[in-house]
Each structure stands twice: as structure tokens, then as C-alpha cells.
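Trainee: Listed here are the chains, written in short residue letters.
Protein chains: 2
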Amino acid sequence: MVQVAVMGYGVVGSGVVEVLTQHKDSIAKRAKEEIHIKYILDIREFPGSPFADKFTKDFEQILNDDEVKVVAEVMGGVNPAYDFTKRCLLSGKSVVTSNKELVATKGAELLEIARQNNVNYLFEASVGGGIPIIRPISQCLAANEVIEIAGILNGTTNFILTKMINDNMAFEDALKLAQDNGYAERDPSADIEGHDAGRKIAILASLAYGKHIYPDLVHTQGITKITLDDVAYASAWGGVIKLIGRVKRLDNGKLDISVEPMLIENTSQLANVNDVFNGILVRGDSTGDVVFYGKGAGKLPTASAVVADIIDCVKHLKARKYLYWADGTADCVEPYEKTSYAVYIKAECTDKQAALAQIQELFNDVHMIVRADAPENEIAFATGVMTVEEQQSAIRKLALTGVEVKAKIRIADF
Amino acid sequence: MVQVAVMGYGVVGSGVVEVLTQHKDSIAKRAKEEIHIKYILDIREFPGSPFADKFTKDFEQILNDDEVKVVAEVMGGVNPAYDFTKRCLLSGKSVVTSNKELVATKGAELLEIARQNNVNYLFEASVGGGIPIIRPISQCLAANEVIEIAGILNGTTNFILTKMINDNMAFEDALKLAQDNGYAERDPSADIEGHDAGRKIAILASLAYGKHIYPDLVHTQGITKITLDDVAYASAWGGVIKLIGRVKRLDNGKLDISVEPMLIENTSQLANVNDVFNGILVRGDSTGDVVFYGKGAGKLPTASAVVADIIDCVKHLKARKYLYWADGTADCVEPYEKTSYAVYIKAECTDKQAALAQIQELFNDVHMIVRADAPENEIAFATGVMTVEEQQSAIRKLALTGVEVKAKIRIADF
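Residue numbers (my numbering), protein chains in the order written: chain A, 1 to 414; chain B, 415 to 828.
Certain hints may be false.
Stated by the list, open to error - With a straight-line cut-off of 27 Å between C-alpha atoms, the simulated DSSO-like cross-links for lysine-lysine are: (1) K86/A <-> K500/B; (2) K443/B <-> K24/A; (3) K254/A <-> K500/B; (4) K29/A <-> K443/B; (5) K625/B <-> K443/B; (6) K625/B <-> K248/A; (7) K321/A <-> K735/B; (8) K760/B <-> K625/B; (9) K735/B <-> K315/A; (10) K248/A <-> K735/B; (11) K321/A <-> K662/B; (12) K106/A <-> K57/A; (13) K32/A <-> K211/A; (14) K500/B <-> K32/A; (15) K346/A <-> K254/A; (16) K32/A <-> K438/B; (17) K760/B <-> K315/A; (18) K732/B <-> K248/A.
As the list claims (entries may be wrong) - Listing some non-contacts, in silico: residues in chain A with all C-beta distances to chain B over 12 Å: (19) S91; (20) G210; (21) E404.
Just so you know, these hints were derived from the structure itself, not from any lab. Note that the structure is a prediction, hence the values are computed from the model and not measured. Just so you know, even glycine gets a beta-carbon here, dropped at the ideal spot from N, CA and C.
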């Protein structure tokens, strides 16, 4: 019998307790030990809960109980989760978590503490909810060099974009629907501004390339400026707009990493990932493209990933899992302005013929895109690959000739 | 330093040697040990090979060398792979393999021998090539009950069906193209008759449900009878025909398991899995649907999965991985005739009005399907869910009224 504690009894925490309780027998069989919840830490009261005897408001009680070998930190946020996690690891307890914010900001430090104390710090649930992705990247793909990772990592924004694409719903209306359905928070900024996806691609990049990539190094752009016109142009171009977290190692050894909306072709495996689903493409030098798809959030999917990590800790109480990355510095990442990609641009002009001539001169490999019912003064096109600096310079020059760029969205190369 | 042997220097075996050699440093880092190939077993000569000093034709040399801790069996076929694997495990060597035929027919016995000898028998590469699937099912989904697994498990047949669907190519022409491209063997029967997919779903079912399901218990039907008319009707119905291996646990505890062509809706995540790619959907009670997608075959994808297993063995030379199922018996599986599903039927008739009336009477919930340019005497429809026995009985009754069923294809419910 192994005693565990669950810190946080919110959506994920109550799911963890539910999964551990309802699947008790099959989990015991798989872990080769019975797993018993000794404590649930939460500052709130849960009168009448069947787990009433397990609740505590006192973290020290868990910390000082040597019987507790594994702790699930499902509180979210950096504080006090960071302090609690650190102290658990230092006292020889393994910690599993769904807390992407903590892993993305303090992962290297916590992994190092886990290593020094010969315990595990596992976080399968921090990316992709119930989709197995951390373990496949670290284990199954161990014999590969990861060339690139690209994913739809945030279900809320994917729901909004799906409504814009399939139902021609405006961004604000789709956001409101997401909020009404409980897919988006009342303050939706972490989702729609791309920060949630940024933390997740930072975690995947750290894992794949072995150095901690801090989220503030990730160029992050959300979906708030996407319009139905852009959606229509994407469709005319042969694709859809998705919010993509992506990382690729460049020839100079630095990482090209960003979260931003991208036009992806309809034939891409990520184009068909709709609603609140997530899809993550991992391109290995030996495996080629492998795609993982499923629900990236939600109580039970996320909880089941947390519980899988608990089981793994119980099976490895003495033998550490090798999940580790070193600290990283800003020079791991290529400055965004130096990165290069093809781009879709929508602009307004007064003299269309003159604008067309300017565009052909300033951009590579221009392909015009036409949508039905476009205003007379609107013009849209796709370019070839250029650096962001080159794009910006060309856009400034266009502006001098009276052509004003209204939208610029990256075109994906996967 | 850990010494390993590679048995078989065919497509996969040479890939394993290539991956181990080219990624030597990064693999050593991940395995925390340098991995050195001591022997390559093959009865053929490879003059001028850079690995000339490692070749042996004598299995006993590998068996009797106590330095060899891990053996990759990539010979394929049951004999002599079965004998070699058994003797390696008995002598305390871990074995990893891509040999789906051996795992599907002897898995329970070999896993039991591995258990008794405290070594590992791993086979990530046996299903889905480079797609991580064995490990995610056994580990990440440990906190789930697996409700259902459904997959496109054979790249050759998927290539053929994709050509039939997208390019309107007849089966024979698509098969020839697959052979010309090296995707199909000269004797393609194991692929096109469904046996390869049958072995793979048998392995996944054994893993998910804990009892060995032998391939001869899997109702297996290939794609040789699929016509372009069926493809056209599937399109009119709103879907595509795919060869699907599927297993689901019924309420009576038995497994509904088969490999057969199915109509799947265009909105299904498996509908868009094309060409030689594989896609596997795992439906867990907590995670919901999780889909894994990638190249299901090929030298380097498969080799990288074998090497990932080698790394895992090296990391667990003392601690066994828990990958195991018990022996199984025929009564684990529901007889095919008792299983039930909706079905697409194409028939020929002389009196269309009379036929329509008969069909409405004999089948549930009939929806007619219409395709352009159908002959006057052709009729096609989709039914509601019925047992196979009920379908067969209705088809016999139809025949008595002069309506001859020419095609009958299962309709998927995922």
C-alpha cells in the first residue's frame, strides 16, 4: 500500500480522487501496489463529501508525514504550488502535476531538485490533458532527433476558431459561446492571447531539446485580431487558421519557437482538429510525422493523466524516471525578427494596379488570393519565405505608397 | 557499456543498426549507458559492410555470450524467431521485437517466460511502426478502462483504398501501383486479406484487456471485394471505406473483435488517414478519444521504435517493465454472428418498387443511398444496428424475392 496526497480539490483534483477511487482495483493491479489517498489539501470546506476524513488545510501535515510517498499538485498557479512542490521533493516525496504554468516557469529547477533527491517530478497532464505526449516524446521517440513540434495546444481558442470557420461566427460571439459552454474563463486572456499555448510549447521544447525554454522567450500572439475576412481568405487559399505552438531547431542550433495563428493547408493532419480538441505533430528524423490527438483539457482526461503519473511514481519509488532538462538561457532562442516564413497579407489600397505592382516588387513569390464580396479597395496575397524583418520592411515601404496592411498571418510549412 | 545483438539484417534490422550507430551519443545520454552492437545474426553474406566484424551465422554464439544483455529480434516469421526468442529470455536476456506475427501467436507464452526470468519482452514496433502505441496504452492510459480500440493498422491496404477513393483507381490497378512502389509484397495476401491487421488488433486487444486473443479468433475480412461502386456509395453516404481493426468489450464481458472494411463518416478522425499512414483511436472511459497517427511501417520508423525498446531495456536491466497478459481462450471472444452493427448493402433487383418494400420490411431504419450513373437495377441502402445473424437472415429472404445482395459493408460507430 502506498499513501498519496492530492493538493487542490478543484476540477482536476476532484477528478484525480474520482479516478483513483473508481478504478482502485485495476490501478492496484497496474501499479502492483494499492494506492490510498491519505490527504486532500484545500482551503475550502467540502461538507458532506465522502472524502471528509481526508481533507486538511495544513500543508505541513502532508509534508511531515513520511508515509506519503507521492503528492499530486493540482492547485495551478505558481504560488504556493512552487513552494509546496519544492519542499515535497526536498523531503523525498515524488510530485506529479497538471500545472503547466509551474512546469513552464520553474521546471528546470524542480527537475534538478528531484534528481538530487532521487525522486520523480512528472507532468504528463501539463500538456494535452489526457493525450499521452510527454512520455512518448521522452521515451518512444528516444531514438529520434526531434526536428519539429507543432501543435494545437489550446482547446478554447480552437473552439472559437472552429466556430469562426464552420459557422461564420464573429470572434466576439464565438468567445461568448465558449464562455457560456464553460470552455473559456470569464477572463479569457490566458487562452485568447496565446499564453496558455506558450507555456505548453515551452514545456515540449524544453523536453525535446534538453534546455529550459522560458515562456517569455516564446514569441506569443493570440487570436483576438483574426477576422472572418481572414478566415474566408484562408479558405480561398485552401486552408484554415489555427493557433499553433511550434518549435524547430535551426541550422545554427537555436530554436525557432512561437505561438501564433497560422494558415495551415486543408491536407495537413492538424487542419481537421476541431472544437476543443488538441492535436500535436512531432516530426522525428526516423519516425517521420507522428500526430497525437484528443481532448486537451477537462476534468477526467486531465485527471487520468495525473493518475497515470502517480502509478508511474509508485512503480518507480526507487528507480528514478529519466525526465530531465537543464537550465536554459535566452541565447537558445532565435530572435523572432530573424526567423523566416511565408505569410498571408491583407491590405487596403486606393489604386489597385499600382498596389499590385508594388507588392510584386517588395515580396517574393506572390500569389494573389481572392474572396467573394471583397470590397473594391481590399487586396490579399500569400508570399514566399522571408524573414520577419524583411516582411516588416516591405510592409513599411508599402505604407509609403498608400497600401495599408490590415492583417498578416504566418503560413505553416507542415 | 551494454552489449546488444541484432538478429536479422533485413529492412528493419539494418535500420536498427543504422539508428544505433548514427544516434550513438544521444542514445547513450538517454539510456545512461553506451549501447554497443556486438553481433548481427544473418544467414546471408554482407561483403564490404562497415559492420563486417559483427556478423555471425551462429545463434548459439549470441545465446552463450553472457555479455549480451539485450537482443533485437527483427527476423520476422514464427520460426526460428520463436525458438531463438524463448532461449534468449530463458538465458536472462531481454528481447525486443518488431515481429507482430510472433507476438500475436506466442505473446502470452513469451511474456510469461520473460516474467519468470525477470527480463523484458518489448514489442512497440509490432503495431503502428514508429507510432508510439503499445507504451501509451499500457502506461499513459493505465488510469483508464479501455472501452474500444479502432485503427487503420495496415499501410498497404490504406494506400490501395486511398487510390480507389481519391483517384477512382480500380482495386487491381491500385494493388499493382502499391507493388510497383514497394508498399505491397509480390504475394500481397497477408495485407489485402486482412491478416496483418488481424495480428495487430489481436496484440492491442491482448494488451488492453489482459488476455491473449489469438489471431484465429479475430473475424478477418480483407479489401479484395471492394469495388469503385462501393466507394461511390460511401461518398454519397458521407464517408469513406477503410480497413479497420477494432475491438470493444461488450456488456457480457466478451470482446467484439474484427478486421473488416468499414464505412466511416468523413468527420471521423480516422477518415482523413490516407496513403500508407496508420491511425489508431483509443477510447478510454476517462480520456475520451485519443488518436495516434503516423507511418505504420518503413525501415527507419520501425527501427526507431525497436531502438526505443532497446533503450528502455537498458534502463530497466534490473527492474522489469510491467508489460504482460495472461493466456486466453476462445470464450473471451463473442462469436461474430452474434455481434451487431449497422450495415451498407448494395443489391441487384428486377422490380425496384417491390424490392424497396421488401427492404423496408426486412431491415431496421433503412436509408436509401443514391449514386450518379447507377444501373437501373441497382439499389443501395444503409440499415440500423442488427446482429450479423439478423442481417444474414434478411439477405436470404431478400434473395427469395429476386433481390440479390452484391455487397455488404459494416458501418462504423466511431
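Trainee: Mind checking the alpha carbons of K625/B and K443/B for me, to see if they're no more than 27 Å apart?
Mentor: violated, 36 Å
Trainee: Take the C-alpha atoms of K86/A and K500/B, compute the straight-line distance between them, and say whether it is at most 27 Å.
Mentor: With Cα atoms ~46 Å apart, K86/A and K500/B exceed 27 Å; violated.
Trainee: Holds or violated: K760/B and K625/B, Cα atoms, limit 27 Å.
Mentor: violated, 37 Å
Trainee: Is K346/A close enough to K254/A, meaning Cα to Cα at most 27 Å?
Mentor: Judged against 27 Å, a Cα distance of about 31 Å means the pair is violated.
Trainee: Can you confirm whether the C-alpha distance between K732/B and K248/A stays at or below 27 Å?
Mentor: Not satisfied, since the Cα-Cα distance of roughly 36 Å exceeds 27 Å.
Trainee: Please settle this one: G210/A was flagged as non-interface, so is its CB more than 12 Å from every CB on chain B?
Mentor: violated, 8 Å
Trainee: Would the pair K29/A and K443/B pass a check requiring their Cα atoms to be no farther apart than 27 Å?
Mentor: violated, 32 Å
Trainee: Just to be careful, I want the Cα atoms of K443/B and K24/A compared with a cutoff of 27 Å; is the pair within it?
Mentor: violated, 36 Å
Trainee: Keeping to a limit of 27 Å between CA atoms, is the pair of K321/A and K662/B held or broken?
Mentor: violated, 32 Å
Trainee: For the pair supplied as a hint, K254/A and K500/B, confirm whether the alpha-carbon distance does not exceed 27 Å.
Mentor: Roughly 47 Å separates the two Cα atoms, so the pair is violated.
Trainee: Minimum C-beta separation from S91/A to chain B exceeding 12 Å: can you confirm that?
Mentor: holds, 24 Å
Trainee: Check whether the Cα positions of K248/A and K735/B lie no farther apart than 27 Å.
Mentor: violated, 32 Å
Checked against the numbered hints listed earlier, the structure breaks hints 1, 2, 3, 4, 5, 6, 8, 10, 11, 13, 15, 16, 17, 18, 20; every other hint is satisfied.
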